[in-house]
Amino acid sequence: MSALFGNPLLCYQLAALTLLALGLLGFCLRRTLVGMLISVELMLNGAGLSIVAATQLSPATAENATQAGLGQLGALLIMGLAAAEATLVLAIVLVLAKRFGTSSSDVVAELKG
Amino acid sequence: MTLDFLTADAAAKALFVLYFLAILVGGIMAVAAKSLVKAMLGLIKTLFGVSGMYLLMQAPFVALMQLLIYVGAVSVLIFFAIMLTRGEEEGRPAMGKKILAVLAAAAPAARVGGLLLRHAPMPAGTPVEISLQALGQLLLTDYVLAFEAISLVLFVAMAGAVVLGFERRLSK
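Keeping their order, the protein sequence lines are chains A and B. 7 is the number of the first residue of the first sequence in this note's numbering; add one for each residue after it. 5 is the number of the first residue of the second sequence in this note's numbering; add one for each residue after it.
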């Protein structure tokens, strides 16, 4: 346990990995489209955490501001993309719910062979 | 009771464990809760935990943006989606599907986790905070293309959402 705490970068990356694993698990388990969207948000958070940890805690960033800013701005762009994605998914779920009367991914399977 | 034993290092470790627990419990709630509203509350708990980790990494701007954009905007959107689809409960998934889902999540996690444990570089010193001014300068000089691109993406997404919402009424 103390060896694990000795490397902060490893701790943060493992936390990000936990988010990724939980998101993947939920994405496979959930049956409603909104539940799947929640899982995708978990995974996107993991990505942001990993990027910020990699730049904030890497040895090279102390003297290079451009590189250090890249991580924080990258996380900001991920948040923007997540907001755009959530808006579009909301609109798509609404159209699907109007057409099929449900937002369950088992019912909305017209392309299934 | 005195708090002398609370050095900065120990406090950081304790806070990290606290935030990690928030992420873990919230994530499990988001994945396993039967009602979607409870899953959403779990997601919000996770978002707060990740925001706390940003604060620990000396990135307060990202932490506040996380609260503003995710907790303030994205989760409200998802709550709207839950309400407008009447917040359906979902049944228990089949056992076979559960096993496959755990495998699908554990395989990449084990692979990446193994690589991390073996090859993670050791960071030197503590992270430095980058001033908001420096971040703004970067956004308008080095990364101006990404800045413009994200504004275009947001505009297209909003326009697309409006078009999708109006489609039904136009066809009548």
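If you are wondering where the hints come from, they were derived from the structure by calculation, not from laboratory data. Heads up, the beta-carbon is just placed ideally off N, CA and C, and yes, glycines get one too. Among these hints, one or two may not hold up.
Said to hold, decoys possible - Derived coverage of chain B by chain A (criterion: at least 3 residues anywhere in the stretch with Cβ under 8 Å from a Cβ of chain A; other residues may be distant):
id : stretch
1  : 54-66
2  : 78-86
3  : 96-107
Stated by the list, open to error - Simulated crosslink set (DSS-like; lysine-lysine; CA at most 30 Å straight-line):
id : chain 1 : residue 1 : chain 2 : residue 2
4  : B       : K101      : A       : K104
5  : A       : K104      : B       : K17
6  : B       : K17       : B       : K102
7  : B       : K38       : B       : K102
These are the hints, each one checked on the structure:
{"no.": "1", "hint": "54-66", "in the structure": "holds (count 8)"}
{"no.": "2", "hint": "78-86", "in the structure": "holds (count 6)"}
{"no.": "3", "hint": "96-107", "in the structure": "holds (count 6)"}
{"no.": "4", "hint": "B/K101 to A/K104", "in the structure": "28 Å, holds"}
{"no.": "5", "hint": "A/K104 to B/K17", "in the structure": "49 Å, violated"}
{"no.": "6", "hint": "B/K17 to B/K102", "in the structure": "34 Å, violated"}
{"no.": "7", "hint": "B/K38 to B/K102", "in the structure": "15 Å, holds"}
Violated hints for the displayed structure, listed by number in ascending order: 5 and 6.
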